[in-house]
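Each chain, letter by letter, is given below.
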Amino acid sequence: MCIVCGCEQPQGLAGRHIHDHGYAHRHDVDHHHGRGEGTIDFGGGPAGLEVAGLSQERTISIERDILTKNDAFAAANRTRLQNARVFALNFLSSPGSGKTSLLVRTITDLKHRWPIAVVEGDQQTSCDADRIRATGAAAVQLNTGKGCHLDAHMVGHALDHLSLESGSLLFIENVGNLVCPAAFDLGEAHKVVVLSVTEGEDKPLKYPDMFAAADVMLLNKSDLLPHLDFDVSACIAAALRVNPRMRIFMVSARTGAGLPAFYAWVDAQASAAADTVPARMKDQRR
Amino acid sequence: MHEVSLIESVVALVEDERRKQDFSRVRLIRLKLGAVGHVEPDALRFCFEAVTRGTIAEGARLDIDIVPGKGWCSTCSRTMPLDERFAACPLCGCAPLLMTAGDELRVSEMEVE
Numbered sequence: 001m002c003i004v005c006g007c008e009q010p011q012g013l014a015g016r017h018i019h020d021h022g023y024a025h026r027h028d029v030d031h032h033h034g035r036g037e038g039t040i041d042f043g044g045g046p047a048g049l050e051v052a053g054l055s056q057e058r059t060i061s062i063e064r065d066i067l068t069k070n071d072a073f074a075a076a077n078r079t080r081l082q083n084a085r086v087f088a089l090n091f092l093s094s095p096g097s098g099k100t101s102l103l104v105r106t107i108t109d110l111k112h113r114w115p116i117a118v119v120e121g122d123q124q125t126s127c128d129a130d131r132i133r134a135t136g137a138a139a140v141q142l143n144t145g146k147g148c149h150l151d152a153h154m155v156g157h158a159l160d161h162l163s164l165e166s167g168s169l170l171f172i173e174n175v176g177n178l179v180c181p182a183a184f185d186l187g188e189a190h191k192v193v194v195l196s197v198t199e200g201e202d203k204p205l206k207y208p209d210m211f212a213a214a215d216v217m218l219l220n221k222s223d224l225l226p227h228l229d230f231d232v233s234a235c236i237a238a239a240l241r242v243n244p245r246m247r248i249f250m251v252s253a254r255t256g257a258g259l260p261a262f263y264a265w266v267d268a269q270a271s272a273a274a275d276t277v278p279a280r281m282k283d284q285r286r
Numbered sequence: 001m002h003e004v005s006l007i008e009s010v011v012a013l014v015e016d017e018r019r020k021q022d023f024s025r026v027r028l029i030r031l032k033l034g035a036v037g038h039v040e041p042d043a044l045r046f047c048f049e050a051v052t053r054g055t056i057a058e059g060a061r062l063d064i065d066i067v068p069g070k071g072w073c074s075t076c077s078r079t080m081p082l083d084e085r086f087a088a089c090p091l092c093g094c095a096p097l098l099m100t101a102g103d104e105l106r107v108s109e110m111e112v113e
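Here the protein sequences come in this chain order: A and B.
All residue numbers for the first sequence refer to my numbering, where the first residue is 1 and numbers rise by one.
All residue numbers for the second sequence refer to my numbering, where the first residue is 1 and numbers rise by one.
Any given hint could turn out to be false.
Stated by the list, open to error - Derived pair list, reagent style EDC-like, types lysine to aspartate or glutamate, alpha-carbon separation capped at 20 Å: (1) Lys206(A) / Asp103(B); (2) Lys32(B) / Glu104(B); (3) Lys20(B) / Glu111(B); (4) Lys206(A) / Glu84(B); (5) Lys111(A) / Asp128(A); (6) Lys20(B) / Glu63(A); (7) Lys20(B) / Asp65(A); (8) Lys20(B) / Asp231(A); (9) Lys20(B) / Glu104(B); (10) Lys32(B) / Asp42(B); (11) Lys70(B) / Asp65(A); (12) Lys206(A) / Glu40(B); (13) Lys111(A) / Asp267(A); (14) Lys32(B) / Glu63(A); (15) Lys70(B) / Glu84(B); (16) Lys32(B) / Glu17(B); (17) Lys32(B) / Asp65(A); (18) Lys206(A) / Asp231(A); (19) Lys70(B) / Glu104(B); (20) Lys206(A) / Asp83(B); (21) Lys32(B) / Asp128(A); (22) Lys20(B) / Glu84(B).
Treat the hints as calculated values from the structure; they're not laboratory data.
Using the sequences and the hints, build the whole thing.
Written out as structure tokens, the structure is:
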């Protein structure tokens with residue numbers, strides 16, 4: 001296991017840049033292409049520094065948030081999605097909670113009402129994107145290599161590969177991890193955390209950053225409850241303790257139980273997003 | 001969690017600064033980290049040297065100031081110390097306090113030459 005981020009990979013992050021640059025993409029936000037996102041060269045080369053002869057030591061005040069760069073890419077993604085009237089959800093969970101099954105079911109049930117596209121994040125393989133494409137939805141697979149989360153820059157590139165229809169839904173399935181992805185805004189409208197009843201009911205207290213960052217919790221695999229000792233009310237209480245505004249739906253991706261309530265929420269939110277006049281157009285009207 | 005990415009972002013901020021101001025070496029980088037935030041200071045220190053190797057920040061010392069958590073209690077109308085994200089007010093027991101400090105993740109300053 002990586003002792004830096006806790007992901008199930010040997011230590012030493014050498015994430016791959018997942019694309020070449022044979023296509024057009026935004027360059028209005030400052031970023032570097034010399035190293036891929038999540039690419040850290042532990043081998044390191046020579047320092048490449050020129051030490052000037054008589055420069056003077058001084059203190060520079062910076063006071064900038066460390067996630068400034070990611071947040072700038074996220075803001076660009078958000079503006080782009082709003083202008084295209086696309087409603088984006090970022091799905092987060094630990095591995096094995098049933099995110100992909102939930103998405104497959106949701107797409108199958110909603111695709112007649114909304115055009116849907118998916119960005120799939122995994123360390124390796126395109127298995128999940130293949131499962132999504134089998135539903136007929138367009139999907140882009142982002143492989144993070146050894147990286148343990150998606151960042152807004154990767155998602156911006158993924159958007160270049162999707163033709164996003166006006167008034168459509170975009171589902172982003174983050175890398176299975178209840179820790180790191182909480183900190184990285186991707187430009188989504190809402191974060192949706194998926195917790196399955198085969199996990200512990202105290203997970204919201206153990207991973208409070210994730211549950212505080214999410215607006216919606218889907219408590220999945222409810223069809224298994226008769227076989228488990230999982231305490232639903234304790235789990236809901238734990239989630240609300242971390243995040244009193246959390247909206248919670250108990251669902252089963254296998255049987256479909258509880259999903260209509262979640263769909264109703266998606267419909268309401270996505271309709272509102274599709275009706276909202278994009279900020280840029282508002283500016284032009286003034 | 002994700003400490004390697006965060007140090008990469010710190011290096012990017014330092015490189016931004018070098019484009020604005022002329023310096024050739026960074027002696028010290030000072031971060032402000034919230035005590036209730038999602039970043040483990042020891043994990044940051046652990047990966048700092050490896051990540052900065054070969055960059056403008058190579059050889060710099062990393063200082064981390066921990067910002068204590070604070071939260072606003074709307075019942076008591078005052079700011080209280082906060083030691084976990086979802087803590088109740090220690091005076092009135094109302095939960096949760098609205099976090100006003102303790103989630104910082106900032107580069108505050110650096111010493112260069």
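Structure-based check of all given hints:
1. Using a Cα cut-off of 20 Å, the hinted pair Lys206(A) and Asp103(B) holds, with the two alpha carbons roughly 17 Å apart.
2. Distance hint between Lys32(B) and Glu104(B) is fulfilled; the C-alpha atoms sit about 6 Å from each other, no more than 20 Å.
3. Of the supplied pair hints, the one linking Lys20(B) and Glu111(B) holds, its CA atoms being roughly 15 Å apart against a limit of 20 Å.
4. With a C-alpha separation of about 11 Å, the suggested pairing of Lys206(A) with Glu84(B) holds against the 20 Å cut-off.
5. Distance restraint check for Lys111(A) and Asp128(A): the Cα-Cα separation of roughly 18 Å lies within the 20 Å cut-off, and the hinted pair is therefore satisfied.
6. Distance restraint check for Lys20(B) and Glu63(A): the Cα-Cα separation of roughly 15 Å lies within the 20 Å cut-off, and the hinted pair is therefore satisfied.
7. As the CA atoms of Lys20(B) and Asp65(A) are separated by approximately 18 Å, the hinted pair is consistent with the 20 Å bound.
8. For the hint pairing Lys20(B) with Asp231(A), the CA-to-CA distance comes to about 56 Å; that exceeds 20 Å, so the pair is violated.
9. A threshold of 20 Å between alpha carbons decides the hint, and for Lys20(B) with Glu104(B) the separation of about 25 Å lies outside it, so the pair is violated.
10. A distance of roughly 14 Å separates the Cα atoms of Lys32(B) and Asp42(B); the hinted pair therefore holds under the 20 Å criterion.
11. Restraint check: the Cα-Cα separation between Lys70(B) and Asp65(A) comes to about 19 Å, which is no more than 20 Å; the hinted pair holds.
12. Under the criterion of a C-alpha separation no larger than 20 Å, the hint pairing Lys206(A) with Glu40(B) is consistent with the structure, at around 15 Å.
13. Among the hinted pairs, Lys111(A) with Asp267(A) is consistent with the structure: their alpha-carbon atoms are about 12 Å apart, no more than 20 Å.
14. For the hint linking Lys32(B) to Glu63(A), the alpha-carbon distance of about 9 Å falls within 20 Å, and the restraint holds.
15. With a CA separation close to 10 Å, the supplied pair Lys70(B) and Glu84(B) stays within the 20 Å bound.
16. Proposed proximity of Lys32(B) and Glu17(B) is supported: the alpha carbons are some 18 Å apart, at most 20 Å.
17. With a C-alpha separation of about 9 Å, the suggested pair Lys32(B) and Asp65(A) falls inside the 20 Å cut-off, and the hint holds.
18. Under the criterion of a C-alpha separation no larger than 20 Å, the hint pairing Lys206(A) with Asp231(A) is consistent with the structure, at around 16 Å.
19. A hinted pair counts as satisfied when its Cα atoms are at most 20 Å apart, and Lys70(B) with Glu104(B) qualifies at roughly 11 Å.
20. Under the criterion of a C-alpha separation no larger than 20 Å, the hint pairing Lys206(A) with Asp83(B) is consistent with the structure, at around 14 Å.
21. Among the hinted pairs, Lys32(B) with Asp128(A) is inconsistent with the structure: their alpha-carbon atoms are about 39 Å apart, more than 20 Å.
22. Taken as a hint, the Lys20(B) and Glu84(B) pair is broken in the structure, with Cα atoms around 38 Å apart against an allowance of 20 Å.
Consistency note: the structure conflicts with the earlier hints numbered 8, 9, 21, 22.
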